[in-house]
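There are 4 protein chains.
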Amino acid sequence: MDMVLKGGTVATARDIYTADVGIQGGSIAVIGRDLRGDRVLDVSGKYIFPGAVDPHTHLELEFMDTVSSDDFYTGTVAAACGGTTTIIDYAEQMPGGTLGQAVEVWRAKADSKVVVDYGLHVSITDVRREVLAEMEDVVRQGVSSFKCYLAYPERLRDDELLQVFLRARDIGALVNVHCENGWLVDFMARKLLGEGKTAPRWHPRSRPASFEEEATQRAVTLASIAQAPLYVVHLSCEGALGAARRARDAGQPVFVETCPQYLLLDIDRYDDPGFNGAKYVLSPPLRERKNLDLLWKALALGNVDTVGTDHCPFKLVGQKDLGRDDFTKIPNGIPGVETRLPLLYHEGVNQGRISVNRFVELVATNPARLFGLYPQKGTIAVGSDADLVVWDPEKEMHLTVENLHMNVDYSPYEQVTVRGYPEMVLARGKVIVEDNRFVGEQGSGRFLERRPFSLS
Amino acid sequence: MDMVLKGGTVATARDIYTADVGIQGGSIAVIGRDLRGDRVLDVSGKYIFPGAVDPHTHLELEFMDTVSSDDFYTGTVAAACGGTTTIIDYAEQMPGGTLGQAVEVWRAKADSKVVVDYGLHVSITDVRREVLAEMEDVVRQGVSSFKCYLAYPERLRDDELLQVFLRARDIGALVNVHCENGWLVDFMARKLLGEGKTAPRWHPRSRPASFEEEATQRAVTLASIAQAPLYVVHLSCEGALGAARRARDAGQPVFVETCPQYLLLDIDRYDDPGFNGAKYVLSPPLRERKNLDLLWKALALGNVDTVGTDHCPFKLVGQKDLGRDDFTKIPNGIPGVETRLPLLYHEGVNQGRISVNRFVELVATNPARLFGLYPQKGTIAVGSDADLVVWDPEKEMHLTVENLHMNVDYSPYEQVTVRGYPEMVLARGKVIVEDNRFVGEQGSGRFLERRPFSLS
Amino acid sequence: MDMVLKGGTVATARDIYTADVGIQGGSIAVIGRDLRGDRVLDVSGKYIFPGAVDPHTHLELEFMDTVSSDDFYTGTVAAACGGTTTIIDYAEQMPGGTLGQAVEVWRAKADSKVVVDYGLHVSITDVRREVLAEMEDVVRQGVSSFKCYLAYPERLRDDELLQVFLRARDIGALVNVHCENGWLVDFMARKLLGEGKTAPRWHPRSRPASFEEEATQRAVTLASIAQAPLYVVHLSCEGALGAARRARDAGQPVFVETCPQYLLLDIDRYDDPGFNGAKYVLSPPLRERKNLDLLWKALALGNVDTVGTDHCPFKLVGQKDLGRDDFTKIPNGIPGVETRLPLLYHEGVNQGRISVNRFVELVATNPARLFGLYPQKGTIAVGSDADLVVWDPEKEMHLTVENLHMNVDYSPYEQVTVRGYPEMVLARGKVIVEDNRFVGEQGSGRFLERRPFSLS
Amino acid sequence: MDMVLKGGTVATARDIYTADVGIQGGSIAVIGRDLRGDRVLDVSGKYIFPGAVDPHTHLELEFMDTVSSDDFYTGTVAAACGGTTTIIDYAEQMPGGTLGQAVEVWRAKADSKVVVDYGLHVSITDVRREVLAEMEDVVRQGVSSFKCYLAYPERLRDDELLQVFLRARDIGALVNVHCENGWLVDFMARKLLGEGKTAPRWHPRSRPASFEEEATQRAVTLASIAQAPLYVVHLSCEGALGAARRARDAGQPVFVETCPQYLLLDIDRYDDPGFNGAKYVLSPPLRERKNLDLLWKALALGNVDTVGTDHCPFKLVGQKDLGRDDFTKIPNGIPGVETRLPLLYHEGVNQGRISVNRFVELVATNPARLFGLYPQKGTIAVGSDADLVVWDPEKEMHLTVENLHMNVDYSPYEQVTVRGYPEMVLARGKVIVEDNRFVGEQGSGRFLERRPFSLS
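Residue numbers (my numbering), protein chains in the order written: chain A, 35 to 490; chain B, 35 to 490; chain C, 35 to 490; chain D, 35 to 490.
Some hints here could point you the wrong way.
One copy or two, it doesn't matter: identical chains are merged, so the pair holds either way.
What the hints assert, rightly or not - EDC-like mimics (lysine to aspartate or glutamate), calculated; alpha carbons at most 16 angstroms apart, straight line: (1) Lys-143 x Glu-322; (2) Lys-225 x Asp-360; (3) Lys-231 x Asp-305; (4) Lys-40 x Asp-220; (5) Lys-225 x Asp-193; (6) Lys-225 x Glu-194; (7) Lys-363 x Asp-204; (8) Lys-40 x Glu-164; (9) Lys-225 x Asp-305; (10) Lys-324 x Asp-204.
The hints are simulated quantities; they were obtained by calculation from the structure and are not laboratory data. All values derive from a computational prediction rather than experimental measurement.
Bound-form chain A, shown alone (with noise of 0.2 angstroms):
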C-alpha cells in the first residue's frame, strides 16, 4: 500500500462510516480497518470525500473583449485547494471553425498546465452540417457533452437547437443548455441604455427571471420533441424550476444545475456602492431572495441535480471596468471554482439544509455520473482513482482574496467565514494540497476521455 488514509469518516453520495483509506498506484485499493501501508497519515475527526467535479468552468475564455483571468494553471490550482479534482472546462467552437479545432485549441491551452484531471464540453456555436456529422468523432474523443445558448450573440436558432438534440440522441451525448432568451436580453438591454441606465444594478433589469422561464420551457420542449436528454446548466430561479421539473415528472430525462451565487448572493448586491456591483455581473443574474430558498430546498429533496461554479473571472481593475459606462460591456462571470465545496458546506451542511451525503452527490458524484466519469471519480470505492479531500469540519476559512488562490482582484464572499474546509488534497494518489497550499507540480492533470451519456 502506497498510502493510506487512517481513520477518517469516509463519506460518498450515500455512505458515511470510519474506516481507513488504502491507496496504491494511484487509485483506492482497500478501504477497510487496520490497514498498514508505506507512509500512513492519521485523518481521524475529518471527513475523507472524493475529490469533486466541477462541471462548469471557463479557464483562459475569450470572451466579451477580454479573456477570463484564470489560466488553466491558476484556475486548476485553485479548484484543488478548494477540494475540486477534476473540472470540466467548456471548449468553445470557433465561427466557421469545428468542433475538433475547438478541442484541439483546448487542450493546447490545458493540457501543459493543469494540475487535476480535466475534461471538456464543447460549445456549439455556428451549426453547420458538417458540424453536426462531427459531433459523433468528437464524442468518440471522449468529450461527449455539447452546449448551446439561446442567449449571446452565440446563441442557436430553434431549429438549430433542435438538430443538435437529434444528433444528441443518436450518438449518447448529454446537450447542456444555457436558457435565457437572447433576443429579449438584447432588446431590454438596449431599451435601458437608451433610457440612460448604464450601471450595474440594470443588469439583471435587463434578464428578469421570466427571459430565463421562457427559455429553459422552449428548451425542455425541444428536448421533448427530440427525446434527447438535457443538462440545464445555472438555473436561478423558480420559473426555470418549475418547468425543468413538470417534464422530470412527466418521464423527460432534465437535469438541473446551480451555482452557489445562486443559492448565496441575491438581486441586492447590484445594489453596492460605487461600481461594486460590477463584481455580480454575471448571466443569468443574481435574483430575488425568494428563489434562493426554493434552490436550497430543492437542493435537500433531489430537485437539483449538480451543483457546479460556472467560474469565469474578471478582474474589477482592468476587465470588469470595461463595462464602468455600459454594463452591457461588464465581462460577465464570477470566480467560483475554489470556493464551491466550503461555502455548499458551511451553508448546507452546517446549517441542516442538506446531508453531507447529499453534498457528495452534487459536487462530486453526479457531476461525474452525468458526464461519464463514473466511478473513476466522484465517489470513494476500490478502483476508483484515488481523488481524495481530507475535510476538517472544524477549519475556519475568511473567503478573501489573500486567502484564495483564484487569479482575480476581489471575492464575492470577501466577508464571509467559513467552518469546514480542506486540509488536504490528492489527486491519483499524490498530495497535490497541504494547508491551504498547492504543493502538486503544473502539468500533472491529464485529459479525461468521458464515456457517452447513459440514463443509468
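Fit chains B, C and D to the known structure of chain A by using the hints.
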C-alpha cells in the same frame, strides 16, 4: 477475517466496482483487493448487493376474518431466499389498545421466529389523546414510523390524521399513509354488490384510480399544513404520483413507495378465468396499463423513492375463496416478499429501464435511509452489517409455487421466468441461503431499533 | 302600454344601448324608441338594469342557537332597495326530516312576507336512501338545486356527497357545495380555544385557506367522478379558485360564486378594536389581501361566474355577542343582500375593473341562467318579467345602518360611500322602491318554480 | 318603421325570446310585439340572429406564389349567404413598406367590391422603428388590431414581438398571434422532403402540435412581460389551449379563436386518396381526434372566445396542385367563410354541445366585442345596425360546391348535410340574401373604423 467474498462486483446505490469484501464479527471489515480470510468464497462474475430492506410487510396479520398465511418464520425465510435481509412489518393498534401493546404483540409473534433482522412500524387506528402522547415513547423504542389508513374500517378522519402529522413532526416520526378514500370505496362496493356484481373483476371498479388520487392529494395537503414529512405507501397510479410530485417539487418532503405488482401486472388480470382474478385482489388494485409505464419512468428518474412489497399473502383455497360470492370478502393482499428483487432486476435492469445502482437504491438503500436503519443496513460499507446478497446475473428461475418459499398456494407470476437471482445470502456475516435453500436458523434475526426520521 | 321607461341606457349582460322600455302586464313588451304609454317615466341619464338575482341568502335561518335577523319581509325589502328583485334562499333539511318538509317550512315562512319573487335551494344535511329518492320530486316542484356542506355539523361524508352528485346528474339538479374541511376546522378551533385563544381574530386562523382549497379540490374530484355539474358557493381564496379552474379548463362543468365581502374586506378586519372583529365572523372567513386582487381579475376575465351575498345577518348586540368569550359561538354570517350591487358597481365599474355588462352578468344574468330562471329573470328582453332597476350612476350613498334596510345593528361598510345606486326598482312592472324607500306591498312576491339545470 | 320581422325567436349571446324586430334607417329601432311597418315579413318559427362577424379572413391574398381565390366580391357574397355580415380581413405589410400602405392597398382592393361591412387588421411583418411608431396612427384610423406571425417567412423574432406587445399595450391595440414555431417547421419540412416525403400527408407531420404549443407558450409569456392583451388565432390543439388557459386563470388577458375545421376535421383527412389531402393543407394543420373533443368542451364552457374561419381558399386545380410534388409548395388554406355558421349550428347546437346563445356569442358577439365593433355589430339591440340573419332551423343544405358561393373548386364538407341555414340575411336593413341567393349590390359594404381594444 472471518470470511472474504472474492472478486465480485460490488454494487451499491451509487457505486459499482470489482473488489473483495472482508467480513469480521458480522460486519463488513474491509473492501479491497487480495484480501485473505478464514473462509474465502470466489464470487467472481457475481454481483454483491447489500441485503435488501423490505419496508412494507404484513406477516401473521389478522385481517378480514383470517390471518395472512406467512408467519414470521416462513415469511422471513422467503424474504431471505429472495435477497431481502431486513423487513419492516406493520404492527396494528387494536381498537381501545395502545401503540405499545401493538409493538409488544408483534414482538411476541416475531422474535422467536424471524430469520432476518426486522423493524416495526405501528399503524394508528384509534386516535385518542393518550395514544398521541404515547407516540413519542414508541419512537424512543425504535419504532419511528406510523401508518395511517384512509381506507378500510381502520381509517382515520382528516382531523385525526392531521393530529398524527403534527405529533410526528415534533418527535421525528415518518407517517406512512394508505391513500384511498375509504368512504367512496365502501359506497362503490355496496353499489356494485347491490347490482349483483360480486366477482373479483368488480374489486378494481370499486376503488378506481380517482379514489387514490383524491386521498393522496388530501394526505399531501394535511402533511403540508402540519409541515410534516409524508411517505405514501404502495402508490399505484398517475394521478396520485402527480399529487406527490407537485408537492415535492414545491419543496415538501413527500416520499413515494410503489410495489412490483403495480409495475408488472395490470387490471386485465381480474379477467382471468374462473375465480383466478381473486389472486390479484389487493388494495389499491392493479391499474390500467398506462400507469405501469409511467411508474417505470418514475423509477428511472428518481420520482419514486422505494419499492416495497406490501406482502400480505392469502391462500386461494380456504382464504381468498371466503369471497367467492362477494368480492369485498376476498382477503386483500398478494404474496411478494420473495420475488421483489428478481422481478425488479429482470424487468428493470435486464430491460434497461433502470441501472443496477438504482435497483439497489430502490430495494435497499432508500428504505434503510428513510426508516432510520442506515448505514447499518442498506449499503456495503466498512462497519455496516454484513447483510449481503451474492447475485448471479445469469441464474434463471421460474417463479412458480414450487420454487418459492412463501406459504401460499399460488404465485402471481406463475408463468414468469426471470434471469438474475440470489446465489447466496448472508445475514450479519452468516450464510443463510444457498442455492435457493434456507440454511439458517429460526429466531436468529433481531429486532432493530430504528432512529428517528431525518431529511438528510 | 302600462308604463314606459324613457330614454334610459339599457344594459344587459352583453348589450348596452339607449332605448325606451315598454311594460305591459308585468312583462317587458317592447324595447325601442318613441314609445308611448299610460305612464311615462323619463330615465334619461340612468341605466336600466335587469333586476338582480341573489343566488345565496339565509333569511330567518335558525343557526348556532339563534335566528338570522332578517325575516322574509325585512330581507326582501332590503334586497329590493339594493336592486335585487329575486332571491334564492336556502331551505334547510332537518335531521330526520325530508327535503319536502324543508321546502314546506320555508314556503310557510316566506310566502306571506316576500316583497320580491324568490326561489329555494334545499340543503341536504341527512342523506338517507329515501332522501336521495325524494330529490327528484323536489326538482319537479321547482327546487332544482341542492346544497351540501363540507363544514359545520351539517356536513356530509364523501360517500354521501358522491351519492348526491350521482342523483343530481340524473335528475338535472345543480349541487352547491360549501367547501371547507369541517373536521380540520373543528380540530383547529378546539386547539386554539385550548390555548386560550377565544377572540374573533382566531376565527380565520381556525379555518385557513388551505382548508378551503382541500375541500374544493375534493368536491371537484367527486363531481368529476359522478360526471355532475358543481357550483362552488362563496369561494374566497386563490387555492380554491385554482382547483375550480383547472377542472373547468379540462372540460368539467364547475361554476364559481364569490361574494362582495371576499372582494372588499380582508383578514385585517378581525383586528378591529374590541369585539368589532365579530362583525366579520363568517365562513369562509376574510382572507389575505392577495386573494382579493386575484378574485377581481377573475371577475373581469370570466373565471368567476356569479356574485352572491351569503346574506346571513346577526346583530352585534344580542347575537354576535353570544361568542364574546368563544369565537366558535359567534353566529357566522354577515349582512349583504342590500349592498351587493352598489359595492360591486362602485368598486368594480367605477374603478374600471369590470364593465357594466360584466356587472349585470355577475349579479343577474348568470345567477338566473345557472339556476333555471332565465330568461324570465336576469335580462331585459321582450317577454321577460319587468323586474327592472333604474340605476343612477351619479347617486352617492353612505352605506351606514341608517341608510340601509337590513334588520341588523351594524354595517360592515359603515365608512364606505359609493357612487351609483338604484333610483327606482320595479318588480313585475310595479314600482316597489323609490328614492331608497320601499313602496311595495308585503307578500307581493311569488315563489318561482325553477327549471332543471342545463349546461347551455 | 321601414320593415318589421314578425314573430321570430330573437337570439343574442345571452337572450332568447319571441318578438317582432322593427328596422328603420338601417338600424334596429324597436323590439316588441304587434309592431307595424311598411314591409312586414313573417318569420315565425325562425330564429333571428345578429349578423355574424368573421374575425379572420384572407381575401385576394398574395401568398405562396398565388392569390387566394376569393376576391372581396365573391368572398363577401359567400360570407353573406352563410350568415356573416361583417368580416375583418388581414391586410399584410410588405417588406420595407408601412402599415398605412397595407391599409391603403387593402381598401383599394375591397371598397368597391364588398357586399357587407368590413374591417381590417394589419399584419406586421417588418418591425422597424418607424413602423412601431406608426402603429398608433393606424389604430386612430380604425385598425385597432395587429397580427404577428411566429411561422412563415413573415415571422417575427421574440424581441420584435415583444416590442409590438409593448406598443400595443400603450395604444389600445389587440395583438393577434399565429402560434407555430416557424424555425422548427422549416427544419422539419426540409427533413421530410429530404427523406422523399413529399405528399400532403407529410404536411401535418412537419408542424406537429408540440410546435404550436411551444409558440403559444412563448406568445403568452411575451404578452405577460409586456402586460398586453393577446389574441391567439386559429388554435387547434390541447397543449396550446392549456398554455392559454393557465395564463387566463392567472389573470392574464389571453383570448382564443378556433375555427370549424379544427372542430370537425381530423388528421386522417390527409390520407384521403390521391392528392385529395391537399384540400386540407392549412396551418396549423388538422390534428388528432382527441383535440376535437377537447375544443368542443372548451366552446361549451367558455374556454374559447371566438370561432373564426381563417378563410383562405385555393383551387385544387391550378393552385393546390402547385405542390403536387412538394407539400411545402401547396398553398396553405381552406375555404370556410360561408360554412362557419351552418357547421357550428349543426354540429354544435343540434348535437346539444352548445346552446343557441353560445353559438351567437362565438360567431358574432365576441368577435364584435374583442375587435371594437360592439354594439354596432354582433347583437340585436335598439340602435345596432340591422345586420340580421333569419335562420331556418329546419332548412337542410348539402355543403357541396354547387350549393356554395365561394370561388373554389372543392368543398371540405362535400359529404356533409346540415340542418339549420339562413333563410334571409339583412345588412344595415337591406335584404341581401334570400333563399341562398345573393340579392344585394356590389360595393354596398362599408369600411368599419373599429375602436381600440378594451377589456370591458
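Practice task
Identify every previously stated hint that the structure contradicts and give their numbers, smallest first.
Solution key: Violated hints: 1, 4, 7, 8, 9 and 10; rest satisfied.
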